[in-house]
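*Asks:* Start from chain Z and add chain G according to the hints.
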Amino acid sequence: MKKAIITVVGKDTVGIIAKVCTYLSENSINILDISQTIVQDYFNMMMIADLSKSDKTIGAVASELENLGKEIGVQVKVQTEDIFNAMHRI
Amino acid sequence: MINIFEVNETNQMVEQENLDVRTITMGISLLDCMGTDLNEVCEKIYNKIITKAEKLVETGEEISHEIGVPIVNKRISVTPIGLVGSACCKTTDDYVMIAKTLDKAAKKVGVNFLGGYSALVSKGMTPSEELLIRSIPKALAETDIVCSSVNVGSTKTGINMDAVRLMGEIVKETAELTKENDSIGCAKLVIFCNSVDDNPFMAGAYHGVTEADCIINVGVSGPGVVRHALTKVRGESFEVLCETIKKTAFKITRAGQYVAQEASKRLNVPFGIIDLSLAPTPAIGDSVSDILEEIGLESTGAPGTTAALALLNDQVKKGGVMAGSYIGGLSGAFIPVSEDQGMINAVERGSLTIEKLEAMTCVCSVGLDMIAIPGDVKATTISGIIADEAAIGMINQKTTAVRVIPVIGKGVGEKVEFGGLLGYAPIMPVNNYSCDAFVNRTGRIPAPIHSFKN
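Chains as they are written, first to last, in our numbering: chain Z, 1 to 90; chain G, 1 to 454.
Chain Z on its own, in the form it takes in the complex (with noise of 0.2 Å):
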């Protein structure tokens, strides 16, 4: 399986994860975990997502929900679940 971090950070707005997930529906892939927070009003979201049934890179994706965020005043960024086990896990 092929699984991305997805984690969105930004002042607290209506929609922010409908717009993120609609993005995400659009391009068949497939969310398997959401945690939420909010730091002193900053919106703090993290996802992992299944980019198996999607014909997009992560590379790809990352670029494009960057410039999604963009348009709604948050910072997306899409990582490959990998480094974070390599750093985190023995």
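Hints are supplied without guarantee of correctness; some may be wrong.
[Unchecked claim] The list that follows gives simulated cross-link-like pairs (lysine-lysine, DSS-like), each with its CA atoms no further than 30 Å apart:
| # | chain 1 | residue 1 | chain 2 | residue 2 |
| --- | --- | --- | --- | --- |
| 1 | Z | K3 | G | K108 |
| 2 | G | K55 | G | K108 |
| 3 | Z | K77 | G | K246 |
No wet-lab data here; the hints were simulated from the structure.
*Replies:* Just chain G now, kept in the frame of chain Z:
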């Protein structure tokens, strides 16, 4: 499963603490490019480099984008040119032609630096190696991204004092030929003792003859991350301090290990080693000096500095060794002056001198690095500095190096600006008592007693 705290920790390291993978360096053997016809050799070198490294930069950027961690430099190291050019170079200009070919090939594939304009002369110089050494000033003045290194000693062979004497003159001449640009040529020239075959860091990288045809070496970094982690354990015991450094080094190295494996897979080139060095940059907070001060020094250079650095260097290795499958290169904390804002501040405050830096090089990699000295320092004095560093390396069985920049036309108190990753540096005073009679003796210093282990 990965949780939000772990993800945030990694991203904070990147966004606020300057975590990066410092370099992916592709080592390319040029032994199969050797021949007697100079033009043919140059053509073979050019073609081999642009073929092997064609996708290096692109792949590095692709991986960086996918993991969200910058990979700052993509570089190439090649077989020491003193060997490659031995059959076809009859003059210093012949060697300069190879340097220009390397420069052209490196620019074509888009890397930042190419290392390996080198000679390994720890015991003696062949005529062609001496020619290469004498061509270094012109080669560095007429190219932009070619780096040069010369190994003048080792624990096994002792120190080649004839080469040390010559290198003092070469450093001065390199400074002269690039005096319009604050003698920047010297920033691309390192003189080593116990140099290593698989170092991915510049300016001292070359692809040793014991290496395979083509390999990927990765240099990790992250002084800012270590310093930040230490801010949370102020006043705690050495045990807590050391554990914190080890854990942080582990994570940083794992990022490097991942990059190395991916790059190796995508480029279809075997993975060589991870170099565990903590390499600072001029960016605020990305400083080894700041770590030393966080450990408890008012200013780097104060009594305790050498001990703090020894501890730091050792813990980084202990944490990193388990994180990587093959560790090599230089692997230790770098203490360049111009590339580390904290070091620059310490020099300007008057707490850090060349003599203290020399003591610090006994316990870390790599040596007197990126230190600007007055342009009127004599060549023999520079040779004396090189001999001192080489002696530290030889006796302690470690790599040491000298990269000093005698800035022509400038003196103590003035500043020199190199730009980019090379930073800027205040010119430091040098002990000017003569060592002429010592340096002018011919021959070599014999290998130390503890090198006879058989």
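*Asks:* With reference to the structure, classify each hint as holding or not holding.
*Replies:* Outcome of the hint check:
Distance restraint check for K3/Z and K108/G: the Cα-Cα separation of roughly 35 Å exceeds the 30 Å cut-off, and the hinted pair is therefore not satisfied. The suggested pairing of K55/G with K108/G holds, with an alpha-carbon distance near 11 Å, which does not exceed 30 Å. Simply put, K77/Z and K246/G have alpha-carbon atoms about 28 Å apart, close enough for the 30 Å limit, and the pair holds.
Consistency note: the structure conflicts with earlier hint 1 alone.
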